[in-house]
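Protein chains in written order, with the numbering used here: chain A, 840 to 1191; chain B, 840 to 1191; chain C, 840 to 1191.
Treat the hints as calculated values from the structure; they're not laboratory data.
Here the structure is a predicted model, which is why all the values come from computation and not from measurement.
Where a beta carbon is used, it is the ideal one built from N, C-alpha and C, also for glycine.
It is possible that some hints are incorrect.
Listed next, the in silico DMTMM-like pairs over lysine to aspartate or glutamate satisfying Cα-Cα at most 25 Å (straight line) [unchecked claim]:
| id | chain 1 | residue 1 | chain 2 | residue 2 |
| --- | --- | --- | --- | --- |
| 1 | B | LYS863 | B | GLU1045 |
| 2 | C | LYS987 | A | GLU931 |
| 3 | C | LYS973 | C | GLU892 |
| 4 | C | LYS973 | C | ASP944 |
| 5 | B | LYS987 | A | GLU931 |
| 6 | A | LYS987 | C | ASP944 |
| 7 | B | LYS987 | C | ASP991 |
| 8 | C | LYS1016 | B | GLU1045 |
| 9 | C | LYS863 | B | ASP991 |
| 10 | A | LYS1148 | C | GLU892 |
| 11 | A | LYS1151 | C | ASP1141 |
| 12 | B | LYS987 | C | ASP996 |
| 13 | B | LYS863 | C | ASP1007 |
| 14 | B | LYS987 | A | ASP1007 |
| 15 | B | LYS1016 | B | GLU1154 |
Beyond 12 Å from chain A on every Cβ pair, some chain C residues (computed) [unchecked claim]:
| id | residue |
| --- | --- |
| 16 | ARG888 |
| 17 | ARG902 |
| 18 | ASP914 |
| 19 | ASN968 |
| 20 | GLU997 |
| 21 | ILE1004 |
| 22 | THR1021 |
| 23 | VAL1049 |
| 24 | GLU1126 |
| 25 | ALA1144 |
| 26 | ALA1156 |
| 27 | GLN1168 |
With the Cβ distance kept under 7 Å, some of the chain B side facing chain A (calculated, not the full set) [as the list claims (entries may be wrong)]:
| id | residue |
| --- | --- |
| 28 | ARG909 |
| 29 | ARG1003 |
| 30 | GLY1006 |
| 31 | ASP1015 |
| 32 | SER1035 |
| 33 | ARG1070 |
| 34 | GLY1086 |
| 35 | SER1105 |
| 36 | ASN1112 |
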Amino acid sequence: MATQPTQPDVSLFAFAVGLSRENKAGQTIDCFYPTPVRDPTPTLCEAVRDSFEPGVGSCAPERLLSFATRLGDMDPVGLPSGLVSATRAMLEADRPLRIVTLEADTDIKHTAEAYLKLHLLSHRLALPNTLNLKNIFAHLPNVAWTSKGAIDIGELDEALLHGRISGDHLEVTSIDKFPRMTNYVVPNGVRIADASRIRLGAYLGEGTTVMHEGFINFNAAALGPNMVEGRISQGVVLGAHSDLGGGSSTMGTLSGGGEITISIGSNCLIGANAGTGIPLGDRCTIEAGLYITAGTLVTLKDENAKTVKTIKARELAGGSDMLFIRNSQTGQIECRSNRKAIALNEQLHAHN
Amino acid sequence: MATQPTQPDVSLFAFAVGLSRENKAGQTIDCFYPTPVRDPTPTLCEAVRDSFEPGVGSCAPERLLSFATRLGDMDPVGLPSGLVSATRAMLEADRPLRIVTLEADTDIKHTAEAYLKLHLLSHRLALPNTLNLKNIFAHLPNVAWTSKGAIDIGELDEALLHGRISGDHLEVTSIDKFPRMTNYVVPNGVRIADASRIRLGAYLGEGTTVMHEGFINFNAAALGPNMVEGRISQGVVLGAHSDLGGGSSTMGTLSGGGEITISIGSNCLIGANAGTGIPLGDRCTIEAGLYITAGTLVTLKDENAKTVKTIKARELAGGSDMLFIRNSQTGQIECRSNRKAIALNEQLHAHN
Amino acid sequence: MATQPTQPDVSLFAFAVGLSRENKAGQTIDCFYPTPVRDPTPTLCEAVRDSFEPGVGSCAPERLLSFATRLGDMDPVGLPSGLVSATRAMLEADRPLRIVTLEADTDIKHTAEAYLKLHLLSHRLALPNTLNLKNIFAHLPNVAWTSKGAIDIGELDEALLHGRISGDHLEVTSIDKFPRMTNYVVPNGVRIADASRIRLGAYLGEGTTVMHEGFINFNAAALGPNMVEGRISQGVVLGAHSDLGGGSSTMGTLSGGGEITISIGSNCLIGANAGTGIPLGDRCTIEAGLYITAGTLVTLKDENAKTVKTIKARELAGGSDMLFIRNSQTGQIECRSNRKAIALNEQLHAHN
């Protein structure tokens, strides 16, 4: 019996062509990918593998032109929108072309890979907590983000001095490992009142409005539609039709939330200046000004306002149809079923 | 008896000459009016009506020149300061001239009208809640606000790509229907630490200082003098000599305040990280960290610290000389008369 | 006995060469000093005194060149790094050279002096509350900070109009007496997510990360390493390894903290949306959402959770090893020893 010839593995995890900026020592300080691709089709994988080495590389214009031409001849179905035109356009660039071909979602080994994963998140090609972001901090240099673009931190003093001398104003907007998202990608159907508060790597679903007090970290999401006037920490996902009131807080794993990853389901409201250190299910409310942490003792009330028991908030993690208030007469923190929530109450009584 | 000839109605609600920016399809994406006029004098109305059609229009330079010349010949008394010189200067512009003549304060029907009303507010020609802003959201396009000015949201991807290719950095500061006020008007006698937090349409009276954590929405005011380190939501008016502590919150009608419009009288202090969901009169204080909502049960204390009764905060709406604290021994929210406030106490006892 | 010849006093408090910007009337609106010097060595003092008059002055390029040449011939030990090269570079400037020689730390008498003291703080040459800042507000003009640099407030309307006419976008980022620090100095080893929230005059020690919600005023410090996601008010110093949670607040003397200067020792944690109106020693924690003011009644608990007494928080000012919470069952604010903190407990019992 004749054996079938082995089909070459043509799958890729992700692929992108972009432009990078480098410091005077030739090190990459940021990368921009107009049309990153995740899980390219076999046809596109083949074209990529035929044209470029795996991993992070650069590219002579001729090779990129021939790749763009091959793409232009392909069936546009299955090609991400804009990929061909953006690739062609980048041939005109006066800065290094960057090609990244990731065979799998492995630990980050290069700045260009870190930027690609951040792009995947902001392009809505990956949800938070689904990518391997190991070593991301190690591979993101701390950069001065300025009105002239990215400047290596070691070259900033000279740039500031020469801006003053020449009278050509240099504005330094941030000194950070992460740039603001909107200079790289602006997903459709969003409003962002103050773009300095959304890091590249944030996931903003369609219908998300982030007001001036809102904030979304990298690897964090508002799935949309949402009104975000509070802070979505790293790792936190906010579900559809949930709102974060002004100045409200979600605890991140990087900053005090510990090992629990916070998520908030759909149709929730975290009141102004409130906060949560536990994940919430759907249709939950925390009243304005109240902060619930995992260790907070909470008095549970059933739908008839009868006390069920007193437990730590972490035992309520992920529950739905909960209303948290601090009783303004007794100072006691209560969790009330905010409608006839049978599922919730069953869960509560099961703890008895 | 001879009848007097009917005097033609020469009144106008508002008038402005400005410059607009358009997208590639020719749609208006923003308007700038250096010297908008409200309730112009009869003489100015006549000049306007003789020169321009009512409503929103554009204008050939010759017509604007002849209008400017006529204004230059008029008695400068009654002409807004700067109107003639700004009108003449705009003849040099390389972009569309925009003329808006509003006979009455009607529902908004055009982007140029929406911008005019926002200008009236920020030029201190109208207080919040006194203009007809109906349909304003429908007529304000969502725009990318960038270091190159306003860019249509549909044209942004290309602009970002070409900025990268050319090395000419494009900074995207906001994706929003409302621009920041300071790019259009800076009223005299104010300090604004972070201009990204003041929307066009905010009313900042003389003597207003807005610190970095302060925020003022459109159709919202600090009448001045004020120290604003908290958030003034849409519709909210802060009276003279009242201060908003860092991170404090006022509930807006768009975001949870419901149908009550919040206002805060004079000589009030909302503490840091505190908030109010009810309107306050004069000389009221909310202690740092305490959030009062309309439904909060409050224990009233008279000037001798005796409990009068327990009521919902909404029943105290608009009262003066009130001090709100949460008793740090009992957890009870109290409203104390913060001086011998006879008027207040009469009001309180009247509720008995 | 022969008297020794009197040694001329060659000491100076501070010295700087910089570039200033002026309004159309020739008044200084800001100053930039790339390498300010505090307590210059006697040799440098001599060179300075031989070259320039004391106080604030300007300088012809020839004089500065001869000064730079003299410095270049000096032993580089004792010369601040970069002083010679920056001084030479400024000879190329198209704007006024500014020389400031302060013999002592006297009351501020000129804008150039105010800027020098702010530079000393941000260059880590002076800690907060160690400089004489008297009259600083009087000598800092309110300036429009824009994408074209500093613009006199009285010249802004015209600049905005002409920017619109020419199509050359003018971005107005702030109207304030204090500029953002990062346009003047970026100390080594810091991250600043949103530079609009750090004023010139802030002191950021090595290892300080200021997240988007963090804020540091002038004459305020994070000694580093620190994670700052809250607000450090004027006069406040945050010790090493202490963290400010998102939206947390420290009361400043300018805004409600009264005469007490707040400081926070090392290894403290102020939780998200929490705040303090009293100074704290080392290893203190305030739970998320709790605001302690000087007048707050606090129930002290010893290491065995036994109530010691109830006192005003101001009596605990400066104590170490304290944990502040609001009991979620009783609403009572408690101060617990957060480890076997003998020193603390001795202090507490001493109050009995």
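Against the structure, the hints come out as follows:
Taking the CA atoms of LYS863(B) and GLU1045(B), the gap is about 39 Å. The hint is violated against a cut of 25 Å. For a cut-off of 25 Å, the pair hint linking LYS987(C) to GLU931(A) is broken: about 29 Å separates their Cα positions. For the suggested pair LYS973(C) and GLU892(C), the alpha carbons sit about 23 Å apart, so the restraint of at most 25 Å is met. Straight-line distance between C-alpha atoms of LYS973(C) and ASP944(C) comes to about 10 Å, which keeps the hinted pair within the 25 Å bound.
Pair hint LYS987(B) plus GLU931(A) holds up; C-alpha atoms about 21 Å apart against a cutoff of 25 Å. Distance restraint check for LYS987(A) and ASP944(C): the Cα-Cα separation of roughly 37 Å exceeds the 25 Å cut-off, and the hinted pair is therefore not satisfied. Note on LYS987(B) and ASP991(C): the hinted pairing holds, with a Cα-Cα distance of about 22 Å set against a maximum of 25 Å. Of the supplied pair hints, the one linking LYS1016(C) and GLU1045(B) holds, its CA atoms being roughly 16 Å apart against a limit of 25 Å.
This hinted pair does not check out: LYS863(C) and ASP991(B) have alpha carbons roughly 36 Å apart, beyond 25 Å. Using a Cα cut-off of 25 Å, the hinted pair LYS1148(A) and GLU892(C) is violated, with the two alpha carbons roughly 78 Å apart. For the given pair, LYS1151(A) sits about 23 Å from ASP1141(C) by alpha-carbon distance, which is consistent with the 25 Å threshold. This hinted pair checks out: LYS987(B) and ASP996(C) have alpha carbons roughly 19 Å apart, not beyond 25 Å.
Between LYS863(B) and ASP1007(C) the alpha-carbon distance is near 18 Å, which keeps this suggested pair within the 25 Å criterion. With a C-alpha separation of about 16 Å, the suggested pairing of LYS987(B) with ASP1007(A) holds against the 25 Å cut-off. As the CA atoms of LYS1016(B) and GLU1154(B) are separated by approximately 36 Å, the hinted pair breaks the 25 Å bound. In this structure ARG888(C) is separated from chain A by more than 12 Å, as the shortest Cβ-Cβ distance comes to about 25 Å.
The beta carbon of ARG902(C) is kept farther than 12 Å from every beta carbon of chain A, the shortest such distance being approximately 18 Å. The beta carbon of ASP914(C) is kept farther than 12 Å from every beta carbon of chain A, the shortest such distance being approximately 23 Å. Chain A leaves ASN968(C) outside its interface by the beta-carbon criterion, the shortest separation being 25 Å against a cut-off of 12 Å. For GLU997(C), the condition that its CB be more than 12 Å from all CB atoms of chain A holds, with the nearest at approximately 18 Å.
Taking the minimum C-beta to C-beta distance to chain A, about 20 Å, the non-interface status of ILE1004(C) holds against the 12 Å cut. Against the 12 Å criterion, THR1021(C) falls within the reach of chain A, whose nearest CB is about 4 Å from its own CB. The Cβ of VAL1049(C) sits about 9 Å from the closest Cβ of chain A, inside the 12 Å cut-off, so the non-interface label is violated. Some Cβ of chain A comes within 12 Å of the Cβ of GLU1126(C); the nearest lies about 7 Å off, and the non-interface call is violated.
The claim that ALA1144(C) lies off the interface holds: its Cβ sits roughly 14 Å from the closest Cβ of chain A, which is beyond the 12 Å cut-off. Even its closest Cβ contact with chain A, about 24 Å, leaves ALA1156(C) beyond 12 Å, as expected for a residue assigned away from the interface. Against chain A, the non-interface label of GLN1168(C) is violated: not every CB pair exceeds 12 Å, the least being about 6 Å. For ARG909(B), the shortest C-beta to C-beta distance to chain A is roughly 40 Å, which exceeds 7 Å, and the interface hint is violated.
Checking ARG1003(B) against chain A: minimum C-beta separation of about 5 Å stays under 7 Å; hint holds. Interface restraint check: GLY1006(B) against chain A, minimum CB-CB distance 5 Å, threshold 7 Å, status holds. For ASP1015(B), the interface hint holds, since its Cβ comes within 7 Å of a Cβ in chain A; the closest pair sits about 5 Å apart. Restraint check, SER1035(B) versus chain A: the minimum CB separation of about 5 Å is within 7 Å; hint holds.
Hint on ARG1070(B) holds. Least Cβ distance to chain A is approximately 5 Å, under the 7 Å limit. At its closest, the beta carbon of GLY1086(B) sits 6 Å from a beta carbon of chain A; the interface hint therefore holds under the 7 Å criterion. Taking 7 Å as the C-beta contact cut-off toward chain A, the hint placing SER1105(B) at the interface is violated, the least distance being around 24 Å. The interface hint given for ASN1112(B) is met, as the beta carbon of that residue sits about 6 Å from the closest beta carbon of chain A, less than 7 Å.
This entry does not satisfy hints 1, 2, 6, 9, 10, 15, 22, 23, 24, 27, 28 and 35, going by the numbered hints stated previously.
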